[in-house]
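Just so it is clear: in the sequence shown, position 420 is 767 by our numbering, and no numbers are missing.
For the record, the hints were derived by calculation from the structure and aren't laboratory data. Please note that a few of the clues may not be correct.
So the derived label-pair ranges between C-beta atoms look like this [said to hold, decoys possible]: (1) D825 to E985: 48 to 54 Å; (2) K837 to Y518: 33 to 39 Å; (3) E1048 to N1121: 32 to 38 Å.
Pairs of lysine to any residue, SDA-like flavour, derived with a Cα cap of 25 Å [stated by the list, open to error]: (4) K678 to S428; (5) K837 to M858; (6) K999 to I925; (7) K1046 to T1085; (8) K838 to M858; (9) K533 to G467; (10) K509 to R484; (11) K509 to I520; (12) K838 to S775.
These numbers were taken from a predicted model, which means no experiment stands behind them. Heads up, the beta-carbon is just placed ideally off N, CA and C, and yes, glycines get one too.
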Amino acid sequence: MSRTKYVYLFEEGQADMKSLLGGKGANLAEMTRIGLPVPPGFTITTEACKEYYRLGKEFPPNMMEDALLALRVVEEKTGKSFGDKDNPLLVSVRSGAPISMPGMMDTILNLGLNDVTVEGLASLTGDERFALDCYRRFIQMFCNVVLGIDHAVFDAVMEKYKKRHGLIFDYEIPADGLRSVIAEYKGLVVKEAGREFPQDVYEQLQMAIKAVFESWNNQRAIVYRKLNKIPDDLGTAVNVQAMAFGNMGSDSGTGVAFTRNPSTGERELYGEFLVNAQGEDVVAGIRTPTPISKLKDELPQVYEQFTQVCQTLESHYRDMQDIEFTVEKGKLYMLQTRSGKRTAAAAIKVAVDMVREGLITREEALLRVDANQINQLLHRQIDSKAELNVIAKGLPASPGAASGKVVFDADEAEKLGNEGERVILVRSETTPDDIHGIVKAQGVLTSRGGMTSHAAVVARGMGKPCVCGCEAIKIDPDGHEFTVGDMVVKKGDIISIDGATGNVILGEVPMIEPTLSEEFETLLKWADDVRRIGVRANADTPEDAAKAREFGAEGIGLCRTEHMFMAQDRLPIVQEMILADTEEARKKALAKLLPMQRGDFYGILKAMAGLPVTIRLLDPPLHEFLPGAEELLTEIAEMNARGQNNAVLAEKRSLLKKVYALREFNPMLGHRGCRLGITYPEIYRMQARAIFEAVVKLKKEGIEVLPEVEIPLVMDSGELALLKHEVLEVYEEVKAETGIEFEFTVGTMIELPRACVVAEEIAAEADFFSFGTNDLTQTTLGFSRDDAEGKFIPIYLEKKLLKDNPFAVLDRKGVGSLMVMAIEKGRSVNSGLLIGICGEHGGEPSSVEFCHQIGLDYVSCSPYRVPVARLAAAQAAVLYPRE
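Let's have the full structure, built from the sequences with the hints guiding it.
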């Protein structure tokens, strides 16, 4: 029986092995394969990680044995020996998941140093200070990652030493000072961990590999996976690689770069470089780096080689790359490449530009943009006409703008965000542990770090504004304030940040809606050419309809008439209608509403001229238009207490009596939808007349409109037949009165399981079906949305009883199966049956994909999600072509 291969040398792998070698390992292997300068190393597979957990946190058999054999190969390639006192090999130990999780798991650099090998490194390089600097870095990183000692206790030692000797930067500490720091570090290890710092380099290696495996399930990694819907069972690979040293003097350094600007998508090298530093210094935001362009001045030959490597990688991967590199004594080494995270604007520009450059096809370009990310482009920006009190300026790390209360703690940001407060998280620099606070904040402001620091990368991925490296602000986290010169900004004060300019502004500022780029329009045009499913909008006003059309909606899939009844000038008339004791009195009130409704429909139909408009007749229960019983009881009690006894009091008592009469134990399943139309047909007749009279007026003006009258909450064909008859009668009346004929359709909303089961009977009466998946989800799962989302759905998600919130992402197995049944049954008796979806799922990419797969004619969503649905529909068409 062959033994499982858990270890691969870089030269044994390639780019398509990400699931086994992780993204980092696969790309290191690919760069090695195509001849780029990569320090030698090997990868321990994700399968080893999964087996480690299966075995109760024990290494799989033969894994370490094979790792040590691979280490021998690295020794041969470098001419160095692991643990050798004269010529020591040092390695980095890095995580690498199959799906990129930047900064979420752990890394250890300079592994292999101890009290003996540090002297060998000093002798070998002729640089005692460099060797000691590597050793103190290694102790701090190893103890933090492996032994769980807070890195802050080590930082305090460094800061104390620098302060005592009047130094600013770590690299200014001389060799004898570093020896003192190391001695104090080792004392801290004994105090904090109850053991000596390990001197056996093979013990160090085993402990480090174990720690990286363990980091797969650290808190920040779990939060990140949950946020980005990354499965928990993928595991992480471990990459063991010979060290390249960027901290060997002024001809050495480390950097992070993108082959194109990740904020704008411009075709230019974008990144940062630190002289005499190691990689963690850049990504951790410990020092504020210089732009990558400065490398051209300081190390021109390295810069020229680096630009050539960037072009090679972008052409090879056919995508924008995010690259980590080190320069050691003037020699370039590539440490990582991966597809770069980018803003939505950058993603669109890069995709469109790469098509024009002949690198990718239009179909590939459509798949390169995350449909959910398009929402970023709709973020507000600061009004250029506004007078701004700019108090500081940092690096523009992630575009967009936001205002909120200043908070200095990620936990507090999360708490206030959950309570509905708008906050700006202000930190010296963020760490991966702050991710939960960044999620809930409106934006992030840091005093240190660059545009590739943790805060910048994470904020860009979330579409949140971020300003980094704002060194003018001095943060006092204990005092809960920051200062800019003489100005003090305290916790709770409101500031605004502009991620496009780097400005930090005191107070709240006016915002404007964004404009969309030419590339954005181009990409969506390509999407429209490819997609097979229509995209409509949910809109209840002419303004919403116009905005939907501006975003490319091909009609309205849901116009909710009850929203019109809620207007303050109409509510008293609606209440008069509800309180009416006779049909005659009810019709009298409805007559007052008729011209108002006619005006509503006229405006919406006109805004969507030439496109279909689905108008849903009154859906909610009548009690929603009345005051609450508790509110009325309080008013009546106060009037009684004042001794009032007049017509107003009598009216209040009458209203309370009606409220009690209409009260239902479960209104969602009660007297609403078509049941109202059957009980009070005059309501639906008034609405039908308002629609048809609006159509007549528009036809007289030469405007062509396509109304679709929708009957909600039907469970049986008899209900639809009865109400359809009422609607057709009203049409005949209007036609007789005006002499004008016109086309319209009558259909129904499918939002009950029974409607899906008997869909073939309902389809015999319907011109169209529209799935109301909000209510279909409630009635299928037995979840009351308002209660479930706040009380137990989060627990179901945490315990993985649900993969997604079913009100956000369509439940394919349950609700989806009912939809498929309804489609098959409906079209079995009416092959031309128009079928769409108008629940909130209509703008969610995964749900749009499912709607494409099951053969819907259109999806409908809020106006601002129309571009999302257009792109998602195209992506579905590329991935799942219809016959």
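Hints, verified against the model:
Range check, D825 to E985: Cβ separation about 49 Å, and the 48 to 54 Å hint holds. Restraint check, K837 to Y518: a C-beta distance of roughly 35 Å satisfies the suggested window 33 to 39 Å. Distance hint check: the CB atoms of E1048 and N1121 are about 35 Å apart, consistent with the given range 32 to 38 Å. Restraint check for K678 and S428: satisfied, since their Cα atoms lie roughly 21 Å apart, inside the 25 Å limit.
Between the alpha carbons of K837 and M858 the distance comes to roughly 24 Å, so the proposed pair stays at or under 25 Å and holds. Straight-line distance between C-alpha atoms of K999 and I925 comes to about 14 Å, which keeps the hinted pair within the 25 Å bound. Proposed proximity of K1046 and T1085 is supported: the alpha carbons are some 11 Å apart, at most 25 Å. About 23 Å separates the Cα atoms of K838 and M858, which keeps this hinted pair within 25 Å; it holds.
Using a Cα cut-off of 25 Å, the hinted pair K533 and G467 holds, with the two alpha carbons roughly 20 Å apart. With a CA separation close to 16 Å, the supplied pair K509 and R484 stays within the 25 Å bound. The hinted pair formed by K509 and I520 meets the criterion: a straight-line CA distance of about 7 Å does not exceed 25 Å. A threshold of 25 Å between alpha carbons decides the hint, and for K838 with S775 the separation of about 15 Å falls inside it, so the pair holds.
Of the numbered hints given earlier, the model fails none.
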